[in-house]
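To convert, note that position 225 of the sequence shown is 225 in my numbering; the numbers rise steadily by one, no gaps.
Keep in mind the hints are simulated off the structure, nothing from the lab. Remember, predicted model here, so these are calculated numbers, not experimental data. Be aware that one or more of the hints could be misleading.
[Claimed, not checked] Calculated lysine to any residue pairs in the SDA-like style (CA-CA distance at most 25 Å, straight line): (1) K325 with D607; (2) K217 with I248; (3) K576 with K217; (4) K638 with D469; (5) K112 with A135.
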Amino acid sequence: MGKILQLDDALSNKIAAGEVVERPASVVKELLENAIDANSTVIEIDLEEAGLARIRITDNGDGIEEEDVLIAFQRHATSKIKNENDLFRIRTLGFRGEALPSIASVSRLEMKTSTGLEGNKVLIEGGKVESIEKADSRKGTDISISDLFFNTPARLKYMKTIHTELGNITDVVNRLALANPTISFRLVHNGRQLLKTTGNGDVRQVLAAIYGINMVKSMIPISGESLDYKISGYISMPEITRASRNYISTMINGRFIKNYALVKAIQEGYHTLLPIGRYPVVLLNIEMDPLLIDVNVHPSKMEVRLSKEQELNNLVSSVIKDAFKTKELIPAGFVAQKQEKPKSEQTFMELDHMENPANQQDNGQSSMASKPFVEEKAEELSGRYKAAGQQDFPKTEMPNWQNAFVAQEPFMETKFDARDEQDDDGKNASEPEVFIDVPENQPEVTSSRVPPLYPIGQMHGTYILAQNDRGLYIIDQHAAQERIKYEYFREKVGQVATELQEMLVPITLEYSADECMKISEYQHELEKVGVFLEPFGYNSFIVRSHPQWLPRGEEKELIEDMIEQLLLMKKVDIKKLREEAAIMMSCKASIKANHHLRMDEIQALLDELRRSSDPFTCPHGRPIIVHYSTYEMEKMFKRVM
Numbered sequence: 001m002g003k004i005l006q007l008d009d010a011l012s013n014k015i016a017a018g019e020v021v022e023r024p025a026s027v028v029k030e031l032l033e034n035a036i037d038a039n040s041t042v043i044e045i046d047l048e049e050a051g052l053a054r055i056r057i058t059d060n061g062d063g064i065e066e067e068d069v070l071i072a073f074q075r076h077a078t079s080k081i082k083n084e085n086d087l088f089r090i091r092t093l094g095f096r097g098e099a100l101p102s103i104a105s106v107s108r109l110e111m112k113t114s115t116g117l118e119g120n121k122v123l124i125e126g127g128k129v130e131s132i133e134k135a136d137s138r139k140g141t142d143i144s145i146s147d148l149f150f151n152t153p154a155r156l157k158y159m160k161t162i163h164t165e166l167g168n169i170t171d172v173v174n175r176l177a178l179a180n181p182t183i184s185f186r187l188v189h190n191g192r193q194l195l196k197t198t199g200n201g202d203v204r205q206v207l208a209a210i211y212g213i214n215m216v217k218s219m220i221p222i223s224g225e226s227l228d229y230k231i232s233g234y235i236s237m238p239e240i241t242r243a244s245r246n247y248i249s250t251m252i253n254g255r256f257i258k259n260y261a262l263v264k265a266i267q268e269g270y271h272t273l274l275p276i277g278r279y280p281v282v283l284l285n286i287e288m289d290p291l292l293i294d295v296n297v298h299p300s301k302m303e304v305r306l307s308k309e310q311e312l313n314n315l316v317s318s319v320i321k322d323a324f325k326t327k328e329l330i331p332a333g334f335v336a337q338k339q340e341k342p343k344s345e346q347t348f349m350e351l352d353h354m355e356n357p358a359n360q361q362d363n364g365q366s367s368m369a370s371k372p373f374v375e376e377k378a379e380e381l382s383g384r385y386k387a388a389g390q391q392d393f394p395k396t397e398m399p400n401w402q403n404a405f406v407a408q409e410p411f412m413e414t415k416f417d418a419r420d421e422q423d424d425d426g427k428n429a430s431e432p433e434v435f436i437d438v439p440e441n442q443p444e445v446t447s448s449r450v451p452p453l454y455p456i457g458q459m460h461g462t463y464i465l466a467q468n469d470r471g472l473y474i475i476d477q478h479a480a481q482e483r484i485k486y487e488y489f490r491e492k493v494g495q496v497a498t499e500l501q502e503m504l505v506p507i508t509l510e511y512s513a514d515e516c517m518k519i520s521e522y523q524h525e526l527e528k529v530g531v532f533l534e535p536f537g538y539n540s541f542i543v544r545s546h547p548q549w550l551p552r553g554e555e556k557e558l559i560e561d562m563i564e565q566l567l568l569m570k571k572v573d574i575k576k577l578r579e580e581a582a583i584m585m586s587c588k589a590s591i592k593a594n595h596h597l598r599m600d601e602i603q604a605l606l607d608e609l610r611r612s613s614d615p616f617t618c619p620h621g622r623p624i625i626v627h628y629s630t631y632e633m634e635k636m637f638k639r640v641m
């Protein structure tokens, strides 16, 4: 007798459930996708104990025909594809025909469904149909899942805490709501409403319901297209970041997907505007021909394969970069504000009073950046906000900013000994000194994303204080010059070094045998970032010269660091290697903290910063400038209420 047996349907469904139904969030996802595919406009999700006790999903969709009710619970039964060619033209979220039988096999399921004429009710326990009978004829489907995994205790044992499982479900509902703003979603857990969207088609309303209104006000719209792709969405300003990638939502043809390359493309779009280890809040919608995407990769349908993936990634990066090109990205200084209401208490109408970012005229400022730049003067506000008995402030003429402060000397603290301090990299101030060039005839800055700044002085030899008619600006001098130097070295790195500086004392470097093999293989790439190596005995190299533009006094450490970067790369990316080299050089070549500057040096630094293409963050993503508007200063000192 043969050993190979045909498994019965009950066992097959339990095996399939292991792939499709991993946890309560998987059940919610599959049932919500069915409701969306059924053309629902209102969907309600009611949970008990994070779905482990009960999951109930009600929709007003098309419903299921009477003759299809039992067929729907058979494996690979679906109304969404009919032949092999349909696999390559999928527009629906579901198509595999595995969700309902898999869920029914590991739970107690009750479903009421109607197409609007007559309804049916079916009870299934552990994959076995217990009963089927007539029900009310309200159009739509009401499906209830209780005692999930009651017959697979091993799976139940590996469930996380209620809080974790609820977080997974909330994440699923949030992303489906973002992908379907024309559907009203309502999520309730143990009688408490966690999410409600209007379904009016405005994705900003959905973003506000999930992240809060203030977040939406700090996001800007993006759009772009190529021959094969069309993208749209919203991205947060660079100062709004999160510690994980979970706030990046990417949708393709209405389907939420996880794609590491797309996340990297989004990060590349922000480039040096983000601090290391921080991520933006992004909603990215991608429309494309279904022929260019394969969603039949994994039962969860969140992993996909894309044709022309590099073209899409380049488009995403360029659209995000373009969105920031004309924006003034100077963050506002901290001013105490009223505590924001919890998201569940916020009204959707509040967004209606905010101008739709998609309809704004691009005036060079974002909605967030423009807020600090209130043009009202204290004398104009005093009558409106002054307290009882408060005297009006005398009106004064605005100073001539072009002539202000140029003759002042910077404030110096006589008791402050910079030699006892360390710079922000933890290194002593006795390192090779860095200077700021002050040209005799400084060319005028004709176009800049930073307004003209007029220096007041320094604080602790670290921060530059400047002002203009918009208020006070605080500039991190190290970060400012680091940005300037970074853009300089970014141009130099990658070019053929025509002028080399001979070293008085050559540098000898030793590595292991496998490291030497990798270094030798990529020696040409190292030369493009300024590292010129010659074999020198067994497992060692010698450096006799370097490009003249390499930061003086830092040559040995920089060369070692760049080789280390190469060795750490599993797959050598010359573009990334050049980027890392430019960042390292700019950091080494910039003035450090506790470095006191003359007034002309400060002005030269500010002017050079204004010439930069991205003058708002250093290459590591830290802010360079913080702005306190005149109005905010007046509020802090209670001159206006």
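To see whether the hints hold, each was checked on the structure:
no., hint, result
1, K325 with D607, "19 Å, holds"
2, K217 with I248, "17 Å, holds"
3, K576 with K217, "33 Å, violated"
4, K638 with D469, "20 Å, holds"
5, K112 with A135, "7 Å, holds"
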